[in-house]
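Enquirer: Start from the sequences and build out the full structure, keeping to the hints where you can.
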Amino acid sequence: MKAAVLREANTPLEIEEVSISKPGPREVLVRPVAAGVCHSDLHFMDGSYPYALPTILGHESAGIVEEVGSDVTYVKKGDHVITCLSAFCGHCDQCITGHLSLCASPEVGRMPEEAPRLHKGDETIHQFLNLSSFAELMLIHEHALVKIREDMPMDRAALIGCSTTTGVGAVFHTAGVEPGSNVAVIGCGGVGLAAINGAAIAGAGMIIAVDMVDSKLELAKSLGATHTIDAGQCDAVGEVKELTQGGCHYTFEAIGLKATTEQAWQMLRPGGAATVIGMIPVGTMVELHGVDFLAEKKIQGSNMGSNRFRVDMPRFVDFYLNGKLHLDQMISKHIKLSEVNEALAALKTGQDARHVIMFDQ
Amino acid sequence: MAKVEIPSEVTGNVWKITASVGDTLAADDVIMILESMKMEIPVEAPEAGRLVELLVRVEDGVEEDQVVAVIET
Ligand SMILES: NC(=O)c1ccc[n+]([C@@H]2O[C@H](COP(=O)([O-])OP(=O)(O)OC[C@H]3O[C@@H](n4cnc5c(N)ncnc54)[C@H](O)[C@@H]3O)[C@@H](O)[C@H]2O)c1
Ligand SMILES: [Zn+2]
Ligand SMILES: [Zn+2]
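Residue numbers (numbering that gives the first Met the number 0), protein chains in the order written: chain A, 0 to 360; chain B, 0 to 72.
To be clear, the hints were calculated from the coordinates, so they are not data collected in a lab.
Just so we're clear, the structure is a prediction, and the values are computed from it rather than from any experiment.
Any given hint could be a false lead.
[Stated by the list, open to error] In silico lysine-lysine, DSSO-like type, Cα no more than 27 Å apart, as pairs:
| # | chain 1 | residue 1 | chain 2 | residue 2 |
| --- | --- | --- | --- | --- |
| 1 | B | 15 | A | 119 |
| 2 | A | 347 | A | 1 |
| 3 | A | 220 | A | 21 |
| 4 | A | 146 | A | 332 |
| 5 | B | 15 | A | 21 |
| 6 | A | 21 | A | 75 |
[Claimed, not checked] Label pairs and their computed distance ranges (CB to CB):
| # | chain 1 | residue 1 | chain 2 | residue 2 | range |
| --- | --- | --- | --- | --- | --- |
| 7 | A | 13 | B | 51 | 31 to 39 Å |
| 8 | B | 23 | A | 292 | 17 to 25 Å |
| 9 | B | 51 | A | 121 | 49 to 57 Å |
| 10 | A | 30 | B | 65 | 36 to 44 Å |
| 11 | B | 64 | A | 69 | 39 to 47 Å |
| 12 | A | 211 | B | 60 | 37 to 45 Å |
Ideal Cβ placement from N, Cα and C applies to all residues, glycine included.
Expert: Here it is as structure tokens:
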């Protein structure tokens with residue numbers, strides 16, 4: 000099969016012919032139909048996050064089941080599925096206590112002594128986040144996918160695989176935004192726009208979108224932002240405090256920078272909670288003013304929207320199909336696998352929302 | 000000859016050890032792969048040298064900044 004392989008950080012992905020194993024007892028072979036290009040892929044490509052190489056990036060996809068392992072009963076050949084990197088074992092203490100997205104059990108991947116899922120001759124190709132979706136086939140654990148209705152368009156479904164679940168999930172599950180509360184979202188890419196849409200569904204009062212690209216702020220309005228702030232033109236913290244007369248109940252950082260994480264904290268009203276979604280480069284420290292803790296401000300991380308994706312993703316599909324979740328505007332461009340490097344480069348400019356790879360069927 | 004301690008950049012578990020004590024390593028050669036929040040994160044030699052100590056075993060948990068290996072340059 001063809002796949003986009005990262006061999007060295009800061010070099011383009013190369014389209015190579017790669018081999019994929021047969022499904023083990025609890026594995027499923029999926030033929031992706033569509034795969035979104037997320038900023039997290041870029042973080043690993045540019046080395047701000049290290050990863051075992053060579054690897055095949057990509058982690059936001061929807062596809063069709065091609066073959067199932069001997070013990071798999073949940074799906075069968077032909078089923079439509081969304082994949083999710085939050086593969087859960089189902090029996091560790093995180094899973095049992097309802098924190099499936101924090102499961103760290105290695106059993107959802109293959110053990111070092113087993114043949115790798117992906118290889119090229121004798122060379123192991125490391126699977127990226129248990130998925131590797133920039134490839135014509137994916138071999139994943141049965142707990143890394145969810146079945147969806149077949150009337151859901153696959154390109155929109157792919158977005159639910161990461162950005163929707165991350166952004167909407169951060170609002171619903173991690174933060175628990177209540178109706179009427181004021182929200183600010185810093186960064187209006189695929190993830191931040193999903194958080195804005197999620198805040199609108201949750202019934203937030205003010206929804207303040209912060210970005211530095213005009214077209215993104217326009218898009219944010221069409222997804223439910225009530226106010227927009229161009230952070231390149233003004234002091235975003237001061238503007239948010241003025242608009243809300245003292246700060247937000249909830250803020251979300253959806254970029255992955257020290258400065259904007261600190262802004263998310265500063266934009267809070269006393270008692271408010273900041274949720275950091277962006278992937279801040281490994282080794283970077285964040286500074287908070289200690290006295291602010293007396294105001295009972297809170298700050299927390301969110302991994303994949305604290306999801307329970309087998310329940311969440313079919314709901315998000317319904318939200319799309321009944322008009323609540325606006326995924327059509329999120330797709331700036333459909334591309335081919337061979338154009339993946341251009342899509343990664345476009346993420347650096349912040350001009351587009353999502354590029355989605357469509358595979359030849 | 001200087002000893003260089005190699006810390007883990009993240010909290011996670013040792014998934015696989017790919018080098019052995021006594022191996023001669025070039026800069027950026029992978030010594031082990033950690034698993035942290037679904038990511039396979041390599042621990043690499045910061046410079047060329049000989050691996051003289053491995054301080055963790057497969058499946059051990061490691062903390063951020065914990066020294067996991069020592070090389071002699
Ligand atoms: N925690 C998780 O589980 C998770 C999951 C997916 C993505 N992420 C992370 O979320 C972040 C966003 O991902 P994305 O795919 O939406 O990215 P993106 O590149 O599509 O969007 C980032 C947006 O931020 C804007 N921006 C950049 N610098 C800014 C600044 N200083 N002030 C205001 N706006 C600024 C850009 O214009 C762009 O619109 C990334 O760090 C990504 O790795 C985290
Ligand atoms: Zn992503
Ligand atoms: Zn588990």
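Enquirer: Does the structure keep residue 146(A) and residue 332(A) at a Cα separation of 27 Å or less?
Expert: 25 Å, holds
Enquirer: Is residue 21(A) within 27 Å of residue 75(A), Cα to Cα?
Expert: Roughly 15 Å separates the two Cα atoms, so the pair holds.
Enquirer: For residue 15(B) and residue 21(A), compute the direct alpha-carbon distance and say whether it is at most 27 Å.
Expert: Cα-Cα ~22 Å, so holds.
Enquirer: For a C-alpha distance cap of 27 Å, please report whether residue 220(A) and residue 21(A) respect it.
Expert: With a Cα-Cα distance of about 46 Å, the restraint between residue 220(A) and residue 21(A) is violated, given a limit of 27 Å.
Enquirer: Does residue 1(A) lie within 27 Å of residue 347(A) when you go C-alpha to C-alpha?
Expert: 25 Å, holds
Enquirer: For the pair we were handed, residue 15(B) and residue 119(A), check the Cα-Cα distance against 27 Å.
Expert: The given pair, whose Cα atoms are some 19 Å apart, holds under the 27 Å limit.
Enquirer: Starting from the range 39 to 47 Å, see whether the pair residue 64(B) and residue 69(A) falls in it by beta-carbon distance.
Expert: Hint holds: Cβ distance 43 Å, inside 39 to 47 Å.
Enquirer: Could you check the hint for me, namely that residue 30(A) and residue 65(B) are 36 to 44 Å apart, CB to CB?
Expert: Cβ of residue 30(A) to Cβ of residue 65(B): about 41 Å, so the range 36 to 44 Å holds.
Enquirer: Return holds or violated for the Cβ distance of residue 51(B) and residue 121(A) against the range 49 to 57 Å.
Expert: For residue 121(A) against residue 51(B), whose Cβ atoms are near 29 Å apart, the range 49 to 57 Å is violated.
Enquirer: The hint says 17 to 25 Å between residue 23(B) and residue 292(A); measuring C-beta to C-beta, is that right?
Expert: 50 Å, violated
Enquirer: If I claimed the Cβ atoms of residue 13(A) and residue 51(B) lie 31 to 39 Å apart, would that claim hold in this structure?
Expert: Taking Cβ atoms as reference, residue 13(A) and residue 51(B) lie about 36 Å apart, which means the hint holds.
Enquirer: Using the beta carbons of residue 211(A) and residue 60(B), state whether their distance is inside 37 to 45 Å or not.
Expert: 40 Å, holds
In this structure, the hints that do not hold are numbers 3, 8 and 9, in rising order.
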